[in-house]
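J.: Listed below, chain by chain, are the residues.
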Amino acid sequence: MTARRRATFAGATAVAGIGATEFSKDSGRSELRLACEAVMAALGDAGLAPADVDGIATFVMDNNPEIEVARAIGAGPLRFFSRVHYGGGAACGVVMQAALAVASGAAEVVVCYRAMNERSQQRFGIGTMPTARVATTETAHFGWYAPFGLLTPASWVAMQAQRYLHDYGATTEDFGRVSVACRTHAARNPRAWFHGQPITLAAHQASRWIVRPLRLLDCCQESDGAVAVVVTTLERARDLRQPPVVIRAAAQGASRDQHMMTSYYRDGIGDLPEMAEVARELYAQSGLGPADFQTAVIYDHFTPFVLAQLEAFGFCGRGEAKDFVRDGRIELGGALPINTHGGQLGEAYIHGMNGVAEGVRQVRGTAVNQVPGVEHVLVTAGTGVPTSAVILGSA
Amino acid sequence: MTDSTARLPHPRPGLTHDNRFFWEGLAARQLLIQRCAGCGRLQHPPAPMCPACHGFTMDAVEASGRGVIHSFVVVHHPPVPPFAYPNVIVLVELAEGTRLVSRLVGVDPDDVRIGMSVAVDFETVDGDLALHFFRAAAGTR
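Chains as they are written, first to last, in my numbering: chain A, 65 to 459; chain B, 28 to 168.
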């Protein structure tokens with residue numbers, strides 16, 4: 065464990081409210097409305113009013129500008145608004161932005177949201193290349209991949225997953241155990257899209273190839289929905305409706321020679337050094353280590369990176385996740401149940417924000433698949449991209 | 028395997044001051060690797076400067092075109108025109124040490140292995156877009 069590092073927001077800020085819409089394949093309403101519904105639910109959960117909101121943090125990829133949400137809900141004048149880039153890697157980064165803002169006094173109540181009709185309107189996996197009338201650094205980046213047919217998130221991740229299998233002697237069944245665990249948890253969660261629909265490892269192995277070595281059941285679902293969380297100071301949160309869920313630590317991470325979904329040029333491309341950076345920072349801020357978590361929400365857009373994340377956070381050694389995930393260790397009743405809401409494989413794909421909400425519920429003791437005696441929960445954000453994570457704990 | 032017979036537009040790279048040399052090299056059937064004129068460090072993808080010596084003067088060397096498969100994928104879904112499926116895409120580690128993503132042509136998807144030796148070739152799609160692709164190196168298969 066690393067020596068504690070001073071981070072003024074860590075331990076001094078809290079999640080005071082969470083809210084969400086239903087999770088579906090066709091919401092039938094605008095993304096902006098989904099954002100507003102989730103934000104209003106989160107404020108109601110916290111016992112706050114829209115007029116109390118003076119800050120907003122969301123994803124660069126979110127289609128709903130901060131001012132449109134603020135206008136629609138009737139928020140007070142905004143003193144702080146911020147966005148975090150890199151897809152789902154922003155999921156915990158927005159919480160960190162909010163915590164930084166309220167700890168510094170730049171704002172007092174910051175709402176974070178992610179709202180998307182990712183299934184019914186703007187699908188991420190259909191294989192298109194971003195274009196611009198004038199070339200940008202980002203279209204230049206995609207130019208190393210798209211002209212050859214490497215067009216989808218699954219294909220970008222599969223390149224690293226193939227090398228992971230080669231380097232560590234893992235098999236696609238090891239990927240499948242992650243999927244089975246998440247679907248087992250989702251099956252018991254009425255809010256999950258795959259409620260009542262657990263899968264077997266055999267079903268995983270029988271599912272069709274998407275991008276070898278990834279099968280259909282290695283890929284998270286596509287969803288419509290929104291999730292919001294309210295962040296304020298721990299001091300203020302103590303006076304609100306819910307018991308505060310303390311932000312013990314929060315960090316973002318990008319590695320040396322980091323690329324957006326295609327970090328293929330560094331040593332050990334099966335690993336996630338950006339998440340290892342995040343882990344070091346979280347442990348330094350909190351003084352906690354891998355043995356201190358009773359449950360974790362490990363970002364699961366694609367199963368292979370769940371294995372690499374377990375290694376990056378030191379739950380097991382590098383290359384050892386294939387053994388760690390056996391024998392139900394990551395399922396309810398195991399040593400480290402992960403993604404108790406069902407994850408993005410089972411509950412919904414809301415770019416990781418539904419995972420933040422599940423972390424809050426586990427600390428509160430109100431999760432549908434509640435783990436007993438939760439003191440600290442690790443929540444991670446999207447991988448393969450510059451990423452982030454938080455440690456949530458009881459007050 | 029079929030070659031890509033483009034009816035829909037082929038995805039094109041965004042050309043910038045930093046990467047134009049690479050794509051123009053392909054049109055001349057050259058696979059170029061960016062080199063720092065100051066310290067000689069090779070890098071791919073290109074960048075405007077050298078992260079080692081911090082120089083801004085960059086040139087390029089022509090790669091031998093030989094390398095080994097460092098990783099690969101076989102794309103099945105979704106099928107996106109104009110590509111043919113299954114599409115074998117490889118991450119090649121060139122003999123010079125840099126890596127790049129390309130297509131592998133002429134090898135059954137079930138026979139592709141990490142560590143296989145490959146060699147570069149060139150094609151032109153959509154009339155004027157020059158691309159590289161790789162085949163199994165002569166004598167290895």
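Hints may be right or wrong, so weigh each one.
Here's a subset of chain A near chain B, in silico, CB distances under 10 Å, partners left out [unchecked claim]:
| id | residue |
| --- | --- |
| 1 | GLY207 |
| 2 | PRO211 |
| 3 | ALA270 |
| 4 | ILE274 |
| 5 | PHE388 |
| 6 | ASP391 |
| 7 | GLY392 |
| 8 | ARG393 |
The following residues of chain B were derived to be distant from chain A, with all beta-carbon distances above 12 Å [said to hold, decoys possible]:
| id | residue |
| --- | --- |
| 9 | ALA64 |
| 10 | PRO75 |
| 11 | CYS80 |
| 12 | HIS81 |
| 13 | PRO106 |
| 14 | ALA164 |
Computed footprint of chain B on chain A; a stretch qualifies when at least three of its residues, placed anywhere within it, have a C-beta under 8 Å from a C-beta of chain B [claimed, not checked]:
| id | segment |
| --- | --- |
| 15 | 76-85 |
| 16 | 198-204 |
| 17 | 212-221 |
| 18 | 327-340 |
Please keep in mind that the hints were generated in silico from the structure rather than gathered at the bench.
From the three backbone atoms N, C-alpha and C, an ideal C-beta is built for every residue, glycine too.
J.: Hint by hint, which ones does this structure get wrong, listed from lowest number up?
T.: Of the numbered hints, 3, 5, 6, 7, 8, 10, 13 and 15 do not hold.
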